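Residue numbers (my numbering), protein chains in the order written: chain A, 144 to 496; chain B, 144 to 496; chain C, 144 to 496.
No lab work stands behind these hints, which were simulated from the structure alone. Predicted model only: the values in this text are computed from it and were never measured. Check the hints yourself; a few may be wrong.
Here are the simulated BS3-like cross-link-like pairs (lysine-lysine), alpha carbons at most 30 Å apart as the crow flies [stated by the list, open to error]:
#, chain 1, residue 1, chain 2, residue 2
1, A, K264, A, K373
2, C, K441, A, K147
3, B, K388, A, K388
4, A, K147, C, K347
5, A, K383, C, K388
6, C, K471, A, K373
7, B, K471, C, K147
8, B, K441, C, K147
9, B, K147, A, K347
10, C, K147, B, K347
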Amino acid sequence: MSTKTNAGNFFEDFRIGQVLAHATPRTVTEGDIALYTALYGSRFAVNSSATFAMDIGLEDAPLDDLLAFHIAFGKTVPDVSLNAVANLGYADGRFGEPVLAGDTLTTTSTVIGLKENSNGKTGVVYVRSTGVNQRGEMVVDYVRWVMVNKRDTSKPAPEPVVPDLPAVVDASALRVPVGLSLEDYDTVLAGSPYLWDDYEIGEKIDHVDGMTIEEAEHMMATRLYQNTAKVHFNQFEQAKGRFGKRLIYGGHIISLARALSFNGLANAFKIVAINAGSHCNPTFSGDTIHAWTEVLDKVEFSERQDLGALRLRTVATKDLPCADFPYKDADGKYLPNVVLDFDYTVLMPRRVG
Amino acid sequence: MSTKTNAGNFFEDFRIGQVLAHATPRTVTEGDIALYTALYGSRFAVNSSATFAMDIGLEDAPLDDLLAFHIAFGKTVPDVSLNAVANLGYADGRFGEPVLAGDTLTTTSTVIGLKENSNGKTGVVYVRSTGVNQRGEMVVDYVRWVMVNKRDTSKPAPEPVVPDLPAVVDASALRVPVGLSLEDYDTVLAGSPYLWDDYEIGEKIDHVDGMTIEEAEHMMATRLYQNTAKVHFNQFEQAKGRFGKRLIYGGHIISLARALSFNGLANAFKIVAINAGSHCNPTFSGDTIHAWTEVLDKVEFSERQDLGALRLRTVATKDLPCADFPYKDADGKYLPNVVLDFDYTVLMPRRVG
Amino acid sequence: MSTKTNAGNFFEDFRIGQVLAHATPRTVTEGDIALYTALYGSRFAVNSSATFAMDIGLEDAPLDDLLAFHIAFGKTVPDVSLNAVANLGYADGRFGEPVLAGDTLTTTSTVIGLKENSNGKTGVVYVRSTGVNQRGEMVVDYVRWVMVNKRDTSKPAPEPVVPDLPAVVDASALRVPVGLSLEDYDTVLAGSPYLWDDYEIGEKIDHVDGMTIEEAEHMMATRLYQNTAKVHFNQFEQAKGRFGKRLIYGGHIISLARALSFNGLANAFKIVAINAGSHCNPTFSGDTIHAWTEVLDKVEFSERQDLGALRLRTVATKDLPCADFPYKDADGKYLPNVVLDFDYTVLMPRRVG
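Next comes chain A alone, as it looks inside the complex (with noise of 0.2 Å):
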């Protein structure tokens, strides 16, 4: 029997330092950017229209910053989650240089942390994945640590390493297009009259609109990111699981919630930071996915004073309109319908005085 195939790797052979340069470099076009707007109807001016994006100093549309990073993610997959039980969490995501059509993508994965539960059977990887383009410029960065099964427990487990990650992306880190300029923004086009000046810390949006997941759109999104886990597509397999059916895409959730908040964000055009980000509960075709956010914090550039960053949390649920804002029970635990906690930081023009 051949042994040429993927097995993907197990916790025992993950090392701290080893780096993981990732198959399928990716060029990205304008079929992924009308498939992206397809699949979650995002209506960002600035992803939708190149006039828009010429008109505030960029060269072109550039693709959405979710769908990168999707992209960037999915090259991960085959060397770093193949095995894995959770996806558990994210932090200290950036967002580099935009990504335009004709771009080419690749990632790269260094481990920064293991841990192995005291189970013995499973333990918890921290990498640190880069992606770049073709000039090696950094598109996204970010650190996500998952739970991978042992192949082997009767392995010893290695010396314990936890990194150092910090709570929020400082404001230092975050990335300003190059040649950005807000002169000329268009709130009429871009559709709502509110800046960032409008947004008030504690402030919270529902976004109101309902959008419901079908297994076809949900596969073809995480194919198109070239993202193999095996849960998403094998109906065969996972009808003898735990739930009887095919798991959504984390980050189809994140695309669908950043798409609903557009009702309420409209101006919040481009994604520079992830802080950190929860899959609360699983989701299934036939869900129906509502969202609201919270704006945690509003950054000031010393720099600039055409634009500020919000830092923002978007929940996102499960068959759960949002207009309660639905999050924590009283011991903290996620509802069961919340199926997403997502902490970033977008940019958003200022009202200029």
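Got chain A; can you put chains B and C on it based on the hints?
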């Protein structure tokens, strides 16, 4: 609670002469064209092939006219029909400059009619919507009227204004693409030997084939057009409603019917007018669409003998083949399985003697 | 009633030597490439990345060979197989000029065999179909044979002609892309260290993963190829038929199997020949496809030592994992869950000593 979300306009928010500049300009690409092919399977050679298009004097393969229509239409939904009860009709639709990959479309609407219904709860809003490209050239211009809820039923009714709309777009308003030259039009590659000369007024064509609708395809299509009407996407909410399921966007049926009409009208290479249109009955996922067409009129152009126009009525049905041309009952009411009555005008080459 | 619709050809409409020029030339784009990725999740680096393709001497990332095949094939359906009962086989398939985004494909077929069945109701039609690009260069050329209904069973049988077809495409007919240079072929980016030298005749590879089919994906794929075969799209009609449901296009299974085969054959970067193919059992939405491959032969090229060819048999199953390499029963009959037996030849880099 935040009031930054768009609740849409209610009947009393509209005023005669009001201009609505719609958000989210949209650059159309080869990605949109490929998705449109995947969604409907259209086979008209001029939209499918750059070489065919250039052989008849065009710069490149233009977008399917209905793809341009749906994108221009989608922009109007957040401002015009978010609180609509029903999409009542279309009139005076004209297609202008062909849309090519790379063009950016923006839509503006003007309120041209208002009439409160006698129940005091709803009213009819008439808007003329104009889609333009990045050079400001008109690509599609049409009137539609929708029944919209009042926010406050105690508000007095406005002076009723009902616009005077043409039953059919006049021949003088039909726009032949600049540079079109049919000397090298190849009927073999186009898929049919039948030209304008071969069609007779009153002739009926059963387009034979049927196409079943799936939720995933319909939602991808409607999101591609950035159409945000809630009834298409939210099964959690729709489950409680009158039908218990998501409604299919009427424009999706128009595109399916047009794609099916290739079999019998393969040389109807361009839509130049939408004279009238009615979504006669609701359509749902799982329905199979068939279509038939009647030739309503033939139009000659005095200034050129190489092409003419056909005014067509294409009728689409759900779960009912069209060999018997199903349409209306003895009382003039649409049969329950008839879902679309679409009156439009196409260009077709003439036999050159 | 109009007779302008295409009823397709029946058995008695075909004549030996008849040339069928198929309609609807098709310009392929980056949109088609993105959709193909979304539909199958293929990860071969040469089709995924312009930089990888250029690093091995190609002009740009070529379309997946099977995407080009499906588009060329789709054009033949209205003329060859609209009244087909079964698609019986393929032979002598060769891939020529790589297809790049922007190319326009057209297909022509020649009838090379005819044999009426003893029941007098059907006959077998053999056609050689050739897809060419806008410069007239062959991109794919293959023979297929289909069982087609007779319109009039009283018509006499034609003189039987059965073409002499090769069991395997000769090595001399395998076309290596012009300019291909494998000095900088990067096995890390390609996703596997195993090269031509590492595979043995008789070696079997279980591709491990499974992919469940959804109606929406399959219909989008088949419409993307402008394949109009009725059995794939019309549930209203199929509900009355033998299976009660829509049939999956056999080519969809070939593409799924090829995408799954990446896990074990990541360096099989190009298909150069289709030696034979059989759709052994019908496939339906909801089926999960697995695949395994046997190496049937290894081919060396006398004129270059940097690459070789592998003749492969990839077998796909429905709802049956392939660890045991399921194929035929003791009587040589395909097992009921085997849906594809595909014999083809791929190029793979050789280890340079």
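Status of the hints after comparison with the structure:
no.: 1; hint: A:K264 to A:K373; result: holds, 20 Å
no.: 2; hint: C:K441 to A:K147; result: holds, 17 Å
no.: 3; hint: B:K388 to A:K388; result: holds, 22 Å
no.: 4; hint: A:K147 to C:K347; result: holds, 10 Å
no.: 5; hint: A:K383 to C:K388; result: holds, 25 Å
no.: 6; hint: C:K471 to A:K373; result: holds, 28 Å
no.: 7; hint: B:K471 to C:K147; result: holds, 24 Å
no.: 8; hint: B:K441 to C:K147; result: holds, 17 Å
no.: 9; hint: B:K147 to A:K347; result: holds, 10 Å
no.: 10; hint: C:K147 to B:K347; result: holds, 10 Å
In this structure, every one of the numbered hints holds.
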